[in-house]
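Model the full assembly from the supplied sequences, consistent with the hints where possible.
Respectively, the protein sequence lines represent chains A and B.
For the first sequence, position 108 matches number 658 in the numbering used here, and the numbering has no gaps at all.
For the second sequence, position 212 matches number 762 in the numbering used here, and the numbering has no gaps at all.
Because the hints were derived from the structure by calculation, they are not lab data.
Just to be clear, a hint being listed does not mean it is correct.
[Stated by the list, open to error] Below, in silico cross-link-like pairs of lysine-lysine (DSSO-like), each with a Cα-Cα straight-line distance of 30 Å or less:
{"id": "1", "chain 1": "A", "residue 1": "K699", "chain 2": "B", "residue 2": "K677"}
{"id": "2", "chain 1": "B", "residue 1": "K881", "chain 2": "A", "residue 2": "K816"}
{"id": "3", "chain 1": "A", "residue 1": "K706", "chain 2": "B", "residue 2": "K699"}
{"id": "4", "chain 1": "B", "residue 1": "K706", "chain 2": "B", "residue 2": "K610"}
{"id": "5", "chain 1": "B", "residue 1": "K733", "chain 2": "A", "residue 2": "K881"}
{"id": "6", "chain 1": "B", "residue 1": "K839", "chain 2": "A", "residue 2": "K769"}
{"id": "7", "chain 1": "A", "residue 1": "K706", "chain 2": "B", "residue 2": "K839"}
{"id": "8", "chain 1": "B", "residue 1": "K769", "chain 2": "A", "residue 2": "K816"}
{"id": "9", "chain 1": "A", "residue 1": "K733", "chain 2": "A", "residue 2": "K839"}
{"id": "10", "chain 1": "B", "residue 1": "K706", "chain 2": "B", "residue 2": "K677"}
{"id": "11", "chain 1": "A", "residue 1": "K748", "chain 2": "A", "residue 2": "K759"}
{"id": "12", "chain 1": "A", "residue 1": "K769", "chain 2": "B", "residue 2": "K816"}
{"id": "13", "chain 1": "B", "residue 1": "K699", "chain 2": "A", "residue 2": "K699"}
{"id": "14", "chain 1": "B", "residue 1": "K839", "chain 2": "A", "residue 2": "K733"}
{"id": "15", "chain 1": "B", "residue 1": "K610", "chain 2": "A", "residue 2": "K816"}
{"id": "16", "chain 1": "B", "residue 1": "K759", "chain 2": "A", "residue 2": "K816"}
{"id": "17", "chain 1": "A", "residue 1": "K839", "chain 2": "B", "residue 2": "K839"}
{"id": "18", "chain 1": "B", "residue 1": "K816", "chain 2": "A", "residue 2": "K816"}
{"id": "19", "chain 1": "A", "residue 1": "K839", "chain 2": "B", "residue 2": "K733"}
{"id": "20", "chain 1": "A", "residue 1": "K759", "chain 2": "B", "residue 2": "K816"}
{"id": "21", "chain 1": "A", "residue 1": "K699", "chain 2": "B", "residue 2": "K610"}
Nothing here was measured: the structure is a model prediction, and the numbers come from that model.
Number of protein chains: 2
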Amino acid sequence: MAPVPNGRYLFKEIPVGFPIPGQTTVYDESQTIDLHTVPLNGGFLVKVLVLSIDPYIRSKMRDPSIDSYTPAYFLNEPLYGYGLAVVLRSEDATLHPGDHIYGIHTFKHYSVKADASQYRVIKNEEKLPWSAYVGICGMAGETACYAWKEYARPQKGQVAFVTAGAGPVGATVIQLAKADGMKVIASAGSDDKVDFIKSVGADVAFNYKTERTADVLAKEGPVDVYWDNVGGETLEAAIEHSARYARFIECGMISAYNSSSSYHVKNLTKILSRELSINGFIVSSLRAKYVDAFYAEFPARVARGEIQYKEYPVRGLAEAGQAIADVQSGKNFGKCVLIVADD
Amino acid sequence: MAPVPNGRYLFKEIPVGFPIPGQTTVYDESQTIDLHTVPLNGGFLVKVLVLSIDPYIRSKMRDPSIDSYTPAYFLNEPLYGYGLAVVLRSEDATLHPGDHIYGIHTFKHYSVKADASQYRVIKNEEKLPWSAYVGICGMAGETACYAWKEYARPQKGQVAFVTAGAGPVGATVIQLAKADGMKVIASAGSDDKVDFIKSVGADVAFNYKTERTADVLAKEGPVDVYWDNVGGETLEAAIEHSARYARFIECGMISAYNSSSSYHVKNLTKILSRELSINGFIVSSLRAKYVDAFYAEFPARVARGEIQYKEYPVRGLAEAGQAIADVQSGKNFGKCVLIVADD
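So this is what it looks like as structure tokens:
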């Protein structure tokens, strides 16, 4: 059979502020692939169905000499990230054509992969859309569930404050906190996001662009568990209005990602006087401990409608750059999933 | 028998920067007490032997309207703090004349106290000097031991960095870290303190006034456990040179206590990328969990010479203000103990 085009989405230039589609990244269709004859060398050939577009992608678009928890992308090479693909051919005994596998996939329609142990076969007995497995039942849900179990120590009647509450992680955290009997304060950056936050159960929801976070926390706090997605001035407000022994879960500091002159928190001495515990984490570090319980329980809760979620689907690999930009600027409303191909 | 003078050390004025003996605090001998006839009302009469002079005392010399973990001192009332006293008379069935009790005592030669449950009877089977029980075997040793057990998760061959390493807490932490097989970096503010730090076992000891902390950590780190006594710029250096999964134990931020314009840490995003856990604590919150094991083991280790310590004794209740000022300015070398009376 004839080779088919194999479009790729390439990293072209390190951005200074926000990434610019077509400049920071470009879609390239110069390569082709023969799906029937491409050598597998003991590995397997996959067709990418859905890619997850997340805030952390920005941190990989950097000078590789800058140290970080996640390696930098290579210039002129395709991006990569969490996604779901279907196996077309396999020489690996653990994978079979038709298997759907979740893990790190290349921003490329078809790829030959080598290490099956890096992927998880998703059976989807719940019959959820495949996109759910890169969002609510993928890294976003994992992030919320793992760190909540590891750090939150929730107590009934205590107060949780969740930033980026309309995001895929934040909205899930709100629902976990409510299920644990907490009062939940949550913020977002637009009125329709605030409505969504309320619809998933937040007791107090506000638009941080029109109301001061510090004022809301002074009235509705103090805060026992702070889920931080933004850092900076919001982190300072949470420290200022923390309860004694409060747990801070540092999931993101998006306020600092696109700016070199970030806000400097001024009240760190309260870490001592309030006896705070502040915990940074990367989801992959908690995965081994919690992953089996997660897949055994969480997709079923989603399928039963106990956990609600919202997607922001973008269609077409060529639109990856725009999807990334939307996530960095906060334009997306719901978990950004890039639909690359149908099953 | 005739009443005897009962000197008191009073809080007179809220200091702006460093406390000034004779102005912030004054010694007062206007009161007397009849030790044989003073009514006990079911309580007990104590004679104070040794008082502990610690950095946190400064934080109690504040406007009481400012919220903190520890109540403010009352103006024109005596100071109070951890100390050791001997019971002279008792109407409480759990205490007897001659019992030595550790707990919060008033800066006053003789006091009638009401609640025996707030004190611990010290048997001193190790025959240590009583002053040891307000320092190395009192709050300083408790602070080091409790927080080390709760937060350090030490691993052989990993690196600990201890600030204020010549202080009573810091020097103890150095010895706990060495006993757990760690490499220990420690800092202090004078060359003779650096010599002492080396003598208790630190692998790398430096004078932070003549060497940059960041340079030493860049060379000798990265740091897996940071014992913070100072905060500010030093905390920033420890974050910058932290290992992944490093544990920060926030014991003090003395750099911020006497200044309203403290240094602002600029690299908090590394809490995420390095997956740091930063833990503030007050020793009293950990006491219930660890106190019995502490008294069962630690004084014996000190008596056997396994844990070394250094005292900075000041003699006479009237010198309390000077002792406090010495601790705030770092003039003391060793645990400051105020010897109020002999046994």
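Hint consistency between A/K769 and B/K816 [alpha-carbon to alpha-carbon, up to 30 Å]: 29 Å, holds
Restraint check for B/K733 with A/K881, where alpha carbons must lie at most 30 Å apart: 48 Å, violated
Given hint B/K677 paired with A/K699 - CA-CA distance at most 30 Å: It is violated: about 47 Å lies between the C-alpha atoms, which goes past 30 Å.
Straight-line alpha-carbon gap B/K610 to A/K816, limit 30 Å: Since the Cα atoms of B/K610 and A/K816 sit roughly 21 Å apart, the hinted pair holds (cutoff 30 Å).
30 Å Cα cutoff - pair A/K733, A/K839: Since the Cα atoms of A/K733 and A/K839 sit roughly 28 Å apart, the hinted pair holds (cutoff 30 Å).
Holds or violated: B/K699 to A/K699, with C-alpha atoms at most 30 Å apart: OK: B/K699 and A/K699 at ~22 Å, within 30 Å.
Restraint status (C-alpha distance of A/K759 to B/K816 at most 30 Å): 24 Å, holds
Pair hint outcome, B/K706 versus B/K610 [Cα-Cα no greater than 30 Å]: 39 Å, violated
Straight-line alpha-carbon gap B/K839 to A/K769, limit 30 Å: It is violated: about 34 Å lies between the C-alpha atoms, which goes past 30 Å.
Holds or violated: B/K759 to A/K816, with C-alpha atoms at most 30 Å apart: 24 Å, holds
Distance restraint between A/K699 and B/K610, which requires alpha-carbon spacing of 30 Å or less: 37 Å, violated
Distance restraint between B/K706 and B/K677, which requires alpha-carbon spacing of 30 Å or less: Not OK: B/K706 and B/K677 at ~33 Å, beyond 30 Å, violated.
Going through the hint list in order, the structure does not satisfy hints 1, 4, 5, 6, 10 and 21.
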